[in-house]
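Novice: Taken in order, these protein sequences are the chains called C and L.
With this note's numbering, the residue at position 64 of the first sequence is 64, and numbering never jumps.
Numbers in this note's numbering are just positions in the second sequence, counted from 1, shifted up by 1000.
Simulated from the structure, these hints should not be mistaken for lab results.
It should be emphasised that the depicted structure is a prediction, and the values quoted were computed from it without experimental measurement.
There may be inaccurate statements among the hints.
To be verified - The calculated DSBU-like cross-link candidates involving lysine-lysine, where the alpha carbons are at most 30 angstroms apart (straight line), are:
(1) L/Lys1256 x C/Lys99
(2) C/Lys28 x C/Lys99
(3) L/Lys1135 x C/Lys156
(4) L/Lys1256 x C/Lys135
(5) C/Lys156 x L/Lys1156
(6) C/Lys135 x C/Lys156
(7) L/Lys1005 x L/Lys1061
(8) L/Lys1156 x L/Lys1061
(9) L/Lys1156 x C/Lys135
(10) C/Lys99 x C/Lys135
(11) L/Lys1156 x C/Lys99
(12) L/Lys1028 x L/Lys1099
(13) L/Lys1099 x C/Lys156
(14) L/Lys1099 x L/Lys1135
(15) C/Lys156 x C/Lys99
(16) L/Lys1005 x L/Lys1256
(17) C/Lys61 x C/Lys28
(18) C/Lys61 x C/Lys99
(19) C/Lys5 x C/Lys256
(20) L/Lys1005 x L/Lys1028
(21) L/Lys1028 x L/Lys1061
To be verified - Chain C residues, not near chain L, derived (Cβ > 12 angstroms throughout):
(22) Ala75
(23) Glu168
(24) Arg199
(25) Glu238
We put the CB at the ideal spot given by N, CA and C, even for glycine.
2 protein chains.
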Amino acid sequence: MQIEKARELGLCYGVRRAVEMLRDASQKYGSLQTLGPLAHNRVLLQELECQGVTTVDSPEKLTGPVVVVPAHGIAPDIMDLLRERGFATVDTTCPNVAKAQSIASDMAQDGLTIVIYGDSQHSEVRGLLGWAREKGVASLDPCTLPFIGDSSASQKVGIISQTTQRAESFASFVQQVCGAVLATSREVRIVNTLCDATRRRQAAAAELARTVDAMVVIGGRNSANTRRLAETCAGLVETYLIETAEELDAALLRSKTRIGLTAGASTPDSSIEQVECRLRRL
Amino acid sequence: MQIEKARELGLCYGVRRAVEMLRDASQKYGSLQTLGPLAHNRVLLQELECQGVTTVDSPEKLTGPVVVVPAHGIAPDIMDLLRERGFATVDTTCPNVAKAQSIASDMAQDGLTIVIYGDSQHSEVRGLLGWAREKGVASLDPCTLPFIGDSSASQKVGIISQTTQRAESFASFVQQVCGAVLATSREVRIVNTLCDATRRRQAAAAELARTVDAMVVIGGRNSANTRRLAETCAGLVETYLIETAEELDAALLRSKTRIGLTAGASTPDSSIEQVECRLRRL
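With the sequences and hints as input, model every part of the structure.
Specialist: Have a look at this one:
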């Protein structure tokens, strides 16, 4: 069996930077709490726990004095709350997410209704909705947008994307929204907030998927960029999304002569190594 | 024969305002020169000539001391040139066109490449290109845009429309441009600069066209909004675009029992009256 890794895979610049910031911070402060998961990968969170970094899901559960802002970012009102309560912060917000937050904030300032292409329950999207103040709505389906089909709506609309969505899907979403609102809206402003690391991982995965018998995608099932990677590959070849090496289905993969490997942007190097190692032993 | 006029037709607010400004100005200054036609209608220009308002096609031909800026507007460098040469101006630029100029200027300021949906030879579009400084390109066909298909282009694109285009065509143009550039561009900002009078005339013409045996559209053949009106009607019923009552084809129309009338936004009331009168005599 031949195993080939995608040209680009695994920890992106943003998550790697966050992990390094936490290593330095935990040396300085000892144990730390992250408000929401640092990123959507269980193995990564387990590795951080060994360093004394745990995750809490609400500000009420913070025991302080230092709180970690995760790579997906948080809403500005939560940030204000943390400051008011006297917490020191280690802000690992990915620079790409911070840029999207700043764009959402500018659009709100300019009076635009802000549409975020993404799942409204995703932590990055929840943060972006906060930055859009009362002017934001998140959706993956143009038909669910409240102002679609409202011919009396004469408004200015801004469209951004969760940073880790697929470029093609975002373009299609934008075209549908434009088609629906252009006749009545005064302005539609679309800013491409897609992250280039995500695009490069998708391109590398697709390139590899075209040449193998099966693809194994390693990452969190609740990681948006990992799911997009798996979708990209599944359109091209038999694809398996797994979180850990234990989930590999030996019976299914043993018959293959060439297997491709890729991993989401929050998948630690150790996960990739373990999967590679287990595949070689099949 | 029954003759029915569209709910809204003929001189729009902008052209009516320009005509009134010229009536006042010619009383004050005597003879006047317009830099380019006030609007695209020969009958209107003939009526103005009777008031002492003539048209010249370049600044060199102005004999001053007062120059009329036409309703379609002019480029800011031409405006600067007129001021430098000491001309007084009567600026009849339509407020809708002035708003589009200001949006083009803001987009240029923000570093956007500005796409104007319109014919590059139309005087309003030539003016808008001036306001877009070196950053503008005019087109009716997305395929002709220089940056389409250039995957290395990473730019910010602004899209506006000549004020008198059809909303559906503009929406379709925008969707095509978005589809082509979204993957690589950082921002696409679309501002709806369509004029509402144009939209209302088109809606009224379409409504009427559905109920008659033939439509007669009165207006200049080089008038963009008149041509759009004729296109709208031609999709629904037998349609004749004429500039004057003399062009009515009696042989073709005599057999009809119900004829609809509409007129472009620069068509004077007198043209409509003459056509109506001639139709009644058929």
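Novice: Determine for every hint whether it applies to the structure shown.
Specialist: Do the hints match the structure? See the list:
Between the alpha carbons of L/Lys1256 and C/Lys99 the distance comes to roughly 64 angstroms, so the proposed pair goes past 30 angstroms and is violated. In summary, the hint linking C/Lys28 to C/Lys99 is supported, as the alpha carbons are separated by about 28 angstroms, within the 30 angstroms threshold. A distance of roughly 23 angstroms separates the Cα atoms of L/Lys1135 and C/Lys156; the hinted pair therefore holds under the 30 angstroms criterion. As the CA atoms of L/Lys1256 and C/Lys135 are separated by approximately 54 angstroms, the hinted pair breaks the 30 angstroms bound.
A hinted pair counts as satisfied when its Cα atoms are at most 30 angstroms apart, and C/Lys156 with L/Lys1156 qualifies at roughly 18 angstroms. With a C-alpha separation of about 11 angstroms, the suggested pair C/Lys135 and C/Lys156 falls inside the 30 angstroms cut-off, and the hint holds. Using a Cα cut-off of 30 angstroms, the hinted pair L/Lys1005 and L/Lys1061 is violated, with the two alpha carbons roughly 41 angstroms apart. Between the alpha carbons of L/Lys1156 and L/Lys1061 the distance comes to roughly 39 angstroms, so the proposed pair goes past 30 angstroms and is violated.
Proximity of L/Lys1156 to C/Lys135 is assessed by CA-CA distance (about 23 angstroms); at most 30 angstroms being required, the pair is judged to hold. Note on C/Lys99 and C/Lys135: the hinted pairing holds, with a Cα-Cα distance of about 18 angstroms set against a maximum of 30 angstroms. Between the alpha carbons of L/Lys1156 and C/Lys99 the distance comes to roughly 16 angstroms, so the proposed pair stays at or under 30 angstroms and holds. For the given pair, L/Lys1028 sits about 28 angstroms from L/Lys1099 by alpha-carbon distance, which is consistent with the 30 angstroms threshold.
Straight-line distance between C-alpha atoms of L/Lys1099 and C/Lys156 comes to about 16 angstroms, which keeps the hinted pair within the 30 angstroms bound. Note on L/Lys1099 and L/Lys1135: the hinted pairing holds, with a Cα-Cα distance of about 18 angstroms set against a maximum of 30 angstroms. Simply put, C/Lys156 and C/Lys99 have alpha-carbon atoms about 21 angstroms apart, close enough for the 30 angstroms limit, and the pair holds. Simply put, L/Lys1005 and L/Lys1256 have alpha-carbon atoms about 15 angstroms apart, close enough for the 30 angstroms limit, and the pair holds.
For the hint pairing C/Lys61 with C/Lys28, the CA-to-CA distance comes to about 22 angstroms; that is within 30 angstroms, so the pair holds. For the suggested pair C/Lys61 and C/Lys99, the alpha carbons sit about 29 angstroms apart, so the restraint of at most 30 angstroms is met. Only pairs whose Cα atoms come within 30 angstroms are accepted, and C/Lys5 paired with C/Lys256 is accepted, the gap being roughly 15 angstroms. Distance hint between L/Lys1005 and L/Lys1028 is unfulfilled; the C-alpha atoms sit about 36 angstroms from each other, more than 30 angstroms.
Restraint check for L/Lys1028 and L/Lys1061: satisfied, since their Cα atoms lie roughly 22 angstroms apart, inside the 30 angstroms limit. Distance check for C/Ala75 against chain L: the nearest CB is about 23 angstroms away, which clears 12 angstroms, and the non-interface claim stands. The Cβ of C/Glu168 does not lie farther than 12 angstroms from every Cβ of chain L; its closest approach is about 8 angstroms, which violates its non-interface assignment. Annotated as non-interface, C/Arg199 brings its C-beta within 12 angstroms of a C-beta of chain L; the closest such distance is 9 angstroms.
With a least CB separation of 27 angstroms from chain L, C/Glu238 remains clear of the 12 angstroms interface cut-off, as annotated.
In terms of the numbered hints stated before, the structure departs from hints 1, 4, 7, 8, 20, 23 and 24, listed from lowest to highest.
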